[in-house]
Amino acid sequence: MNTPALKDWPLWEVFVRSKQGLEHKHCGSLHAADAAQALHMARDVYTRRQEGVSIWVVPSVAITASNPDDKGELFDPAADKIYRHPTFYEIPEEVGHM
Amino acid sequence: MSTPIDYLLHLADNAVVLGQRNAEWCGHGPILEEDMALANVSLDLIGQARLLYQRAAELMGGDATEDKLAYFRGPHEFRNYTLLELPHHGPLVGYAAADRDYATTIVRNFLYSALMVHVWDGLQQSADPSLAAIAAKSLKETSYHLHHARDWLVRMGDGTEESHARAQAAVNHLMPYTEEFWTTSPAEGAAVAAKVAIDVWALRPAWDALVNDALAEATLTRPNFHGYITEGKIGLHSEHLSYLLGEMQGLARAHPGATW
Numbered sequence: 070m071n072t073p074a075l076k077d078w079p080l081w082e083v084f085v086r087s088k089q090g091l092e093h094k095h096c097g098s099l100h101a102a103d104a105a106q107a108l109h110m111a112r113d114v115y116t117r118r119q120e121g122v123s124i125w126v127v128p129s130v131a132i133t134a135s136n137p138d139d140k141g142e143l144f145d146p147a148a149d150k151i152y153r154h155p156t157f158y159e160i161p162e163e164v165g166h167m
Numbered sequence: 262m263s264t265p266i267d268y269l270l271h272l273a274d275n276a277v278v279l280g281q282r283n284a285e286w287c288g289h290g291p292i293l294e295e296d297m298a299l300a301n302v303s304l305d306l307i308g309q310a311r312l313l314y315q316r317a318a319e320l321m322g323g324d325a326t327e328d329k330l331a332y333f334r335g336p337h338e339f340r341n342y343t344l345l346e347l348p349h350h351g352p353l354v355g356y357a358a359a360d361r362d363y364a365t366t367i368v369r370n371f372l373y374s375a376l377m378v379h380v381w382d383g384l385q386q387s388a389d390p391s392l393a394a395i396a397a398k399s400l401k402e403t404s405y406h407l408h409h410a411r412d413w414l415v416r417m418g419d420g421t422e423e424s425h426a427r428a429q430a431a432v433n434h435l436m437p438y439t440e441e442f443w444t445t446s447p448a449e450g451a452a453v454a455a456k457v458a459i460d461v462w463a464l465r466p467a468w469d470a471l472v473n474d475a476l477a478e479a480t481l482t483r484p485n486f487h488g489y490i491t492e493g494k495i496g497l498h499s500e501h502l503s504y505l506l507g508e509m510q511g512l513a514r515a516h517p518g519a520t521w
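Keeping their order, the protein sequence lines are chains A and B. What the first sequence shows, in my numbering, is residues 70 to 167, in sequence order. What the second sequence shows, in my numbering, is residues 262 to 521, in sequence order.
Looking at chain B on its own, in the form it has when it is part of the complex:
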């Protein structure tokens, strides 16, 4: 059985969308050192996305390229988790740079990297050797992202009254979106059947343990889940993705084929 391309796109879109989102902090970070740390995280993620898009393009054949996959697909064709496209703040209507909240950034990076360290670890045994190699490289990067985000999560949660309140608000806002991790999309199902992917559902106890441990150390409370489970990974996104892609894809679409 061959590698389901939609599964590669799911992994790649996750990485590129979060990489683009986090890059918004570039030049606007709370302190210079953090500005660089987050830019490093973004560059890691965009690097992962490139390798995954290249692998997908290779399997698609024809005139598919990594650039076409990143810049010339619309929001409904993106397969990323909805969690990753959300702006850097709580549930507000509209947003501006001044509304960015670093706790939201950190909590999202924590929740996602806590999943991805387990996903990449498992994918090292993928039946697709290219994906296995990408996973081995990405695991090291993601381990650092997790370390970085967890460190800040604990500092904020167990910090001042204000940092605690902001971190708790971010956890309350973002945690429901993680429910999407545990549903199985057709692409994921096909990839598991082809032994290309691992069953994410099986990672849930390990993820829960990581998250609960960090939240306890950060003196934060895990909210009970209720409500709608997002479906970004089958192409049903929030209103935020199209703005993000508009910014990311605008230049490539205005000057198709341009090189520099």
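Looking at chain A on its own, in the form it has when it is part of the complex:
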């Protein structure tokens, strides 16, 4: 009984890998007292329909997110830079589908 009881449990972000070889994808969040409990709860809430073979949980406070208000300056300037897409190369027939 060393740690004080939490009145509100912290929030966790849940990432689930749907099968081997694929990446973990964010699928939602939940409240839990600690990481071990968050994993258990993620199993019960997010993998009930065989959605996954592996789960990550991350404290939501550990994530630094971009501000939606900055969307204009962060992302809009990329809109007209089509030359950044590698679509101007001639690909030899032998390479096939990339």
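Derived by calculation from the structure, the hints in this document are not laboratory data. Only a predicted model underlies this, so the values are computations on that prediction, with no experimental measurement involved. It is possible that some hints are incorrect.
To be verified - Each computed DSBU-like pair below joins lysine-lysine, with the alpha-carbon atoms no more than 30 Å apart: (1) Lys94/A x Lys140/A; (2) Lys398/B x Lys94/A; (3) Lys456/B x Lys329/B; (4) Lys329/B x Lys398/B; (5) Lys150/A x Lys94/A; (6) Lys398/B x Lys88/A; (7) Lys150/A x Lys140/A; (8) Lys329/B x Lys401/B; (9) Lys401/B x Lys94/A; (10) Lys401/B x Lys88/A; (11) Lys398/B x Lys456/B; (12) Lys456/B x Lys401/B.
Said to hold, decoys possible - Calculated from the model, a selection of chain A residues having no Cβ within reach of chain B, i.e. all distances over 10 Å: (13) Val85; (14) Ser87; (15) Gly90; (16) Leu91; (17) Lys94; (18) His109; (19) Arg117; (20) Thr133; (21) Pro137; (22) Leu143; (23) Asp149; (24) Thr156; (25) Glu162.
For glycine and all other residues, C-beta sits at the position ideal for the given N, C-alpha and C.
Starting from the known structure of chain A, arrange chain B on it as the hints suggest.
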């Protein structure tokens, strides 16, 4: 020797009664995540019961079906441990949803799943191949139920003053009912003789070790046993089972043969 049907019913009734009991929390869980966790446990248990009733119906032949076994037998025909039919609270007279106590729910799930992981493990070698297959499937589910309940038991016992007191009260209330695990019913005796079942008595040291270890980690005390040993598995139940079955069986009995 063939599989004693009463033994299959004992296993099936255990699963269906606890599944029905735990389902009372559905939509009323302490938090959303726990609500779903417990609903998952219930669905596992009801799934186990279905497979066991199907196997029993197959052996009974005639017009026996899983639904008839679940919905059209009375309380005295049920073979579940008395522990599993008790309401989610201490020894009160009458009960209401508001009286439900999550510590009671968790302690019961812990005591039962701590037994069943060993039972299912042993039944994988059953002379009845259907039962062996059901046991292999159920073992994985029950291992998770044990993990879930043990985790909460430790959090509650080694938690706040109130959670500790509630967990200890639940242990004191429920532990005496576990004595029923260690008596041998005629159905169990016949199943052991037919090599369909394992002798539950032999599992006691392993169960004791699991329980004592968890209680110690949870800073809870195991009460000394004294008093009456319940006999639900031979059909002698508490007053609580008939209410539980009334709710579970009411719809099927009001509309026999209905499909949807």
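Quiz item: In ascending order, which of the hints set out earlier in this document are inconsistent with the structure?
Solution: 18 and 19
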